[in-house]
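Visitor: Sequential numbering from 24 applies to the sequence shown in my numbering.
Source of the hints: derived by calculation from the structure; they are not laboratory data.
Be aware that one or more of the hints could be misleading.
Pairs of lysine-lysine, DSS-like flavour, derived with a Cα cap of 30 angstroms [claimed, not checked]: (1) K175 / K163; (2) K211 / K145; (3) K245 / K159; (4) K211 / K170; (5) K145 / K262; (6) K175 / K245; (7) K159 / K170; (8) K72 / K95; (9) K175 / K262; (10) K175 / K72; (11) K262 / K245; (12) K145 / K159; (13) K262 / K95; (14) K211 / K262; (15) K95 / K211; (16) K170 / K145; (17) K145 / K95; (18) K72 / K262; (19) K175 / K159; (20) K175 / K145; (21) K95 / K175.
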Amino acid sequence: MTSQTEKPNACAACKDGQELDFEFTMAFQPIVDMRDQSVFAYEALVRGKDGSGALGILARVNEQNRYLFDQKCRVTAVELAARLGIPCFVSINFLPNAVYHPATCIRATLEAAARSNFPTDKLIFEITENERVVDKHHLKGIMEEYKRQGFKTAIDDFGSGYSGLNLLAEFQPDIIKLDMDLIRNIDKHPVRQAIVQGIVGVCQVLGIEIIAEGIESVEELKFLRTLDIHLFQGYLFAKPGFEHLPEVNWPSHV
């Protein structure tokens, strides 16, 4: 959890309209629903203005600018989604350690949505399981506030971090995204099959939807569909489109 001495600094940055000293934009990757071959959502992914990957941008994020970066990510994603006419959900990664007061820190997102005429009930906020959550009570408060605002919530990279099912015991998101390393070559890996089957069972009881991300082969897709998973993301369907919505490749005979 961010210390009390840091909160006023971040809030002052918001109030004073401070800006980041670097720029970035977004690429969009579809999340598909194989039940009817529709696009369920597009995930907004950070990219450099020159189309470069996220690593160079994320390397510039630090304690001093984390809040401004997090806010800029949300606003940029919403504005671009509106410009591209995205008709479904838009999934935005957020940094829980950059959120101090959930109801206050969401204002810039709501204002961007209002300016752009983008419906806020089409927003999904993802937290990566790899991001170290120092204060789970604080994170629970964020997720509860976002649900109250009408957003969907998701845990990204589920199964790769230190918390796993313990995180679900603290709060229940609307969606979890299975980590790509967990499902890589799952059609050939009995241990991973057993683990994912267990996660699916828990999520069915809790009413949590599952997205399998990082799908690269038809074999992975076929096996995961036998587990009653319907939502997928990965290069098999489309690579991220730099400031545009890529065409979806629908595998045949699946």
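Visitor: Against this structure, judge whether each hint is valid.
Guide: Verification of the hints:
no.: 1; hint: K175 / K163; verdict: holds, 14 angstroms
no.: 2; hint: K211 / K145; verdict: violated, 36 angstroms
no.: 3; hint: K245 / K159; verdict: violated, 36 angstroms
no.: 4; hint: K211 / K170; verdict: violated, 38 angstroms
no.: 5; hint: K145 / K262; verdict: holds, 22 angstroms
no.: 6; hint: K175 / K245; verdict: holds, 27 angstroms
no.: 7; hint: K159 / K170; verdict: holds, 16 angstroms
no.: 8; hint: K72 / K95; verdict: holds, 14 angstroms
no.: 9; hint: K175 / K262; verdict: holds, 24 angstroms
no.: 10; hint: K175 / K72; verdict: holds, 28 angstroms
no.: 11; hint: K262 / K245; verdict: holds, 20 angstroms
no.: 12; hint: K145 / K159; verdict: holds, 25 angstroms
no.: 13; hint: K262 / K95; verdict: holds, 23 angstroms
no.: 14; hint: K211 / K262; verdict: holds, 24 angstroms
no.: 15; hint: K95 / K211; verdict: violated, 41 angstroms
no.: 16; hint: K170 / K145; verdict: holds, 12 angstroms
no.: 17; hint: K145 / K95; verdict: holds, 18 angstroms
no.: 18; hint: K72 / K262; verdict: holds, 18 angstroms
no.: 19; hint: K175 / K159; verdict: holds, 18 angstroms
no.: 20; hint: K175 / K145; verdict: holds, 8 angstroms
no.: 21; hint: K95 / K175; verdict: holds, 20 angstroms
In summary, the numbered hints that this structure violates are 2, 3, 4, 15.
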